[in-house]
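**Q** Here's the letter readout for the chains.
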Amino acid sequence: MSLPKPLMRGLLGKRLRFHLPIAFGLSLVAAIAFKYGVTEPRKKAYADFYKQYDAVKEFNAMKEAGVFESVQPSGE
Amino acid sequence: MKENEWGRLANKMLQLIAGRVSSLVARRATLALTTSSARMASHAPDPEVTEAVDMSRPMYWDRLDTPLPDKLYKDELSAAEKSLKEKEKGPWSQLTNEEKIALYRLSFHQTYAEMNQPKSEWKTVVGGIFFFVGFTALVVWWQRVYVYPPRPRTFDDEWQAKQLQRMLDMRINPIEGFSSKWDYEKGQWK
Chain G
1 MSLPKPLMRG LLGKRLRFHL PIAFGLSLVA AIAFKYGVTE PRKKAYADFY KQYDAVKEFN
61 AMKEAGVFES VQPSGE
Chain U
1 MKENEWGRLA NKMLQLIAGR VSSLVARRAT LALTTSSARM ASHAPDPEVT EAVDMSRPMY
61 WDRLDTPLPD KLYKDELSAA EKSLKEKEKG PWSQLTNEEK IALYRLSFHQ TYAEMNQPKS
121 EWKTVVGGIF FFVGFTALVV WWQRVYVYPP RPRTFDDEWQ AKQLQRMLDM RINPIEGFSS
181 KWDYEKGQWK
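Taken in order, these protein sequences are the chains called G and U. Each step along the first sequence adds one to the number in the numbering used here, with nothing skipped, and position 30 is 30. Each step along the second sequence adds one to the number in the numbering used here, with nothing skipped, and position 120 is 120.
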């Protein structure tokens, strides 16, 4: 019946000292993964799209398809 | 029209089923109720349900999250039990093991081990859940036939095809989304 006295203090501090660095590390990893997995490819996709983009040609194609209200297709 | 025929058929089926099975369902329901109440009675008899209990006074419960209920289990002690309680006031090392157990049983109805005994109540619960889900399905079916308005024309295949074509014409999400998957030169999906 003589057990050692259990730890009574510093329990939260011990838990934080263990978990906070891991939490910060994982969050950093998540942010870096998102940056290089999502945002950089997306920026590149937009840049590549607009490199070869001819706005007038696209407008004329849409006009012929008849999606505008202010301009009619050239036939009518 | 297709919907009216389905409606009449469904109605007839419901009437037939209701007529044949209503007696069975009533018998099964009462059977379930009687067995569950018989099961409750054959458990340790609960002093709370046999007579009207005064809920303004402290009550005794066997609950996992309440290790020390508001009052002891046994209120009226016999003479032998009273003398045992007197002995409890002295040093406990002088109590035999049987006396200790007897004192426990005076204060408590079931041990935690007894409280945690697995019961078959879940089968009734799950069965009841399935039964009422099934009944709800019948209700929903009736609603589908008698309550729902006619189907919107936007669900037709032809309308959906025209909708897709219009989305492509408008260049919806041309960079990473919808129209980016369509090859405008060849007129087909990439």
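FYI, nobody ran anything at the bench for these hints, they're computed from the structure. For glycine and all other residues, C-beta sits at the position ideal for the given N, C-alpha and C. Among the clues, some could well be false.
Unchecked claim - No more than 27 angstroms apart at the CA atoms, straight line, and that leaves these computed lysine-lysine pairs for DSS-like:
no.: 1; chain 1: U; residue 1: 74; chain 2: U; residue 2: 87
no.: 2; chain 1: U; residue 1: 181; chain 2: G; residue 2: 57
no.: 3; chain 1: G; residue 1: 63; chain 2: U; residue 2: 186
no.: 4; chain 1: G; residue 1: 44; chain 2: U; residue 2: 181
no.: 5; chain 1: G; residue 1: 57; chain 2: U; residue 2: 190
no.: 6; chain 1: U; residue 1: 190; chain 2: G; residue 2: 43
Said to hold, decoys possible - On the chain U side, residues computed to face chain G include the following (Cβ under 10 angstroms):
no.: 7; residue: 84
no.: 8; residue: 184
no.: 9; residue: 186
**Q** Hints first: check each against the structure and report whether it holds.
**A** Each hint tested on the structure:
1. 74(U) / 87(U): Holds: residue 74(U) and residue 87(U) sit about 17 angstroms apart, inside 27 angstroms.
2. 181(U) / 57(G): With Cα atoms ~19 angstroms apart, residue 181(U) and residue 57(G) stay inside 27 angstroms; holds.
3. 63(G) / 186(U): holds (19 angstroms)
4. 44(G) / 181(U): holds (17 angstroms)
5. 57(G) / 190(U): holds (20 angstroms)
6. 190(U) / 43(G): At roughly 21 angstroms apart (the allowed maximum being 27 angstroms), residue 43(G) and residue 190(U) satisfy the hint.
7. 84: violated (26 angstroms)
8. 184: holds (7 angstroms)
9. 186: violated (14 angstroms)
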